[in-house]
Structures are given as structure tokens and as C-alpha cells.
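Trainee: Given next are the chains, with one letter for each unit.
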Amino acid sequence: MSIGQHHGGGVIVLSFIIALALHMLALPDWAEPLRPDWLVLVLVYWCIAIPERVGVIIGWLAGLLLDVASGALLGQNALTLAIVAYLALRLHQRIRVFPLWQQSVSVMLLVTLHLMLALWIKGIIGQSIETWIYWLPALSSLFAWPLVYLTLRHLRREYRVR
Amino acid sequence: MILVFVSAALMAVDHRQNYLENVRGAISVLVYPLQYLVNLPVSASSWIGENLSSRETLLEENARLKMQHTLFKARLLKLNAIKAENLRLRELLQSSKKVGEQVLIGELLAVDLEPFTRQIVINKGSRDGVYLGQPLIGAEGVMGQIVHLGPLSATAMLITDANHAIPVQLNRSGLRAIAVGTGAPDQLSIPYLPISTDIVEGDLLVSSGLGGRFPPDYPVAVVSHVEKDPTQPYAVIHAIPTAKLERSREVLLVWPAGRQRQADAAEEAAPASAEAAPP
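Taken in order, these protein sequences are the chains called W and S. Using the working numbering, the first residue of the first sequence is number 121, and each one after it goes up by one. Using the working numbering, the first residue of the second sequence is number 6, and each one after it goes up by one.
Just so you know, the hints here were simulated from the structure itself, not pulled from any lab data. For glycine and all other residues, C-beta sits at the position ideal for the given N, C-alpha and C. Zero decoy hints are in this set.
Derived, one-sided and incomplete: chain S residues facing chain W with beta-carbon distance under 10 Å:
hint, residue
1, D19
2, I32
3, Q40
4, N44
A few chain W residues that don't get close to chain S, going by computed Cβ distances all over 12 Å:
hint, residue
5, I170
6, L211
7, R214
8, R216
9, S226
10, R277
Quick look at which bits of chain W chain S covers, simulated, 3 or more residues with Cβ under 8 Å:
hint, region
11, 134–144
12, 171–180
13, 192–201
14, 238–249
One chain only, chain W, in its complex shape:
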């Protein structure tokens, strides 16, 4: 890992920290189910932008932090985020060239996968959730993706993160 090749690690770390903080930010009751999965969005962005630096292991670690921060079963988000990162890595060349709206849809599918895996895990340990509201973050992530994408792209170019 030489300094010349890698640049702007601080921006990546900071973006993950902000995403984690957004997950914990207390929202009013009506807005809580609408909270986008910020961590998934940020992770997917870095996976498709610089796949050689951010990947499954970073996703796993970020998920572990989210587990502890949110009081979920230890390993639940670690597993789902690792899988999401893996898929994003596999598809990064395709997603990269999509127009923004098409990207949003593919990101929504990834978030849906993340939610579905989490639902299975919860079902296995007996915390089943039987409401459609559970799936709303997928929809809000669809609308949050352009925001995340444009912000992070701007930051990546500004600080020349490679």
C-alpha cells in the first residue's frame, strides 16, 4: 500500500462515519420507517467507484459497527453488507455506465436484498416482522441514491480519491 497509489482514505472513512451517524440520528416517529440505508448506499458507491480499495472486508467491518450501534444481532448487518459489497463488486462495471435512474433502481434492488437477508435472519431467531412498512427503506434509498452519488462523486473528484 504505497502513498502514491492510494489517496484520500480519510474521505472514505469519513463518509462511512457520517453514514453510521445518519443511521443513529433520532427521527420523528413518522419518518423513522423512511430512513434510507445510508451505509448500504455509501458502501455501494465506493464499491463501484474504487473496487480495488473498498470491498467485502470493508463492508463486513462497517456492518459489524452497525450491529453494535443499532443493537442488532452481532453479525447480522456484517453478513448482509458483505454480500451486498460482493454483488456490487461483481456488477460494478455495469452499474458504473448506467444512467443515474437506472443506477438508482439497481441500488434499490441491492437494498431490498439487504433487507430480505436481514428479515430471514430475524425470522430464524424468532423476531419476525409482518408489516409492509419494513420495506420502505428500499424505496427511500431509491430517492436518496442520486444525492449520495452526486455528493460522493464530487468529493471523490475534489480530493482525488483513488
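Given chain W, put chain S in place with the hints provided.
Mentor: Same frame as chain W, but now just chain S:
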């Protein structure tokens, strides 16, 4: 692939055993500054609100609180006499039940956790002597218990969480039951009571202290709905928690008198803490 197995193993161990509490506690130290940061705007706004409130409102509040204080003090005078009497009578009966419990005030962090679970984060951890499974009590009743413990913070499960159950007792008749959380913010359900049970709307449920986790005789909930269908073996009973679970900012952490299962060892059982004081 390896990470998938590691995660699966982690989840299995975390679900079944308590080995990982230390790991979780260690990582929670990393997360705590972030939680503190997220909480900052909320605490700052309440601080600003306090500082900007006008002289009149402050005077008014002061007068009201003074009155309340006098009232409570007068009641406390009586309570002390009653406590002494109770102790004397218990000694006469040679029963070893202790009344006093140690408490510590914890403050809630305005942090959102997993959706669809009823959990809260408080700003006291193992450094303050908090232990796993410790009961949490609000001004109006039982709130929940500690489920995850870090050095600086702890996560508590509220009694309304779908995974929570608390042994209760009907204050009127002494009937024992279990109050199970439903996942809804202000509803408990009391299952497995036969339809012949003597229970009506408005009955107060207090903690029974069975199981040794919660201290006995704290109010838990008020029965709000009783449905006795003759074709069903059990009655459908709902109750509303007396504690303001969604509104409290401060909680009381309680060290029950008989924490080490032997009621006589109560004095050693309560961990030393600078802020702990008898209620």
C-alpha cells in the same frame, strides 16, 4: 465466503450464548463517541431552551417545584414512619425481605436503534457498576432491563419489545401472570389466563419479583382491555405500561436488594457507586 461463515458463526454464538458481550462492549466504545455526537444537537437544543426561557416561566416553575418538593417531603416523612413500622412488623414475623434498593440515574441518548425493536441507549455502563439484566425504572413504573453492556454506555430492552416478558402480579388480588411485550409502543399482552380469571379493566399490575430479575412491587401496567370469549380457553388481555416509555429522558437503574439471590446478603450485593443512594 469465509466472512459469510464467520458472520453466521457470530450470529449463532451471539444468539445462544453470552460470550460475545465482551466483544460487543469493546466495539461499543468505538461507537459511543458517535452516539454522543448524534445526541449533541438534542441535548444542546434542550440546554438552549432552558437558558432562553423567560424569567417568569422560570419563577413559575420554581414555585411549582418548591410546592411539589414540600408535598413529597411531607409524604416522605410519613413513608419513613411506615417503613420503620413495616420493618418492625417484618422482624416480628421473622421475614427477611428487605425494602431498600440502591439506584442510579441514567440519561437516555437520543439515538435510534434497529427499527421494529424497542430498545434504548443510556449513558451509563459497566464503569458505573451497571450489570447485564439490570432492571430499569422510570418515575411511573418499570421500563425494561439492560441487554447489552459497554464500559460507557448500555442498551436496554423496554418491556414493550416483542422479545420481552416480565412476571407481574395483580395488585388487587395477588394473581400472578406474565406481561409480554407486543412490539407496539404502548401495549403489553397478558397471555395464558383462563377466561374464569378475576381481572377487569383498570386493574394495576405490579412486578412480582419472581425470577429474581425485577424488584417486586413496582407498577408495570394498567389493564386496558379484557376479552373473554367463551369458545376460547384463554382470555385476551391487553395492558398499557404505566411508565412513559417513549417520553422519559431519565431512567433509574436499580440494584435490587436481593441481587445475589440470598436476601440476607443484600448489603454486599449492591455494588459500590459514588452516585448510588438509597431511594
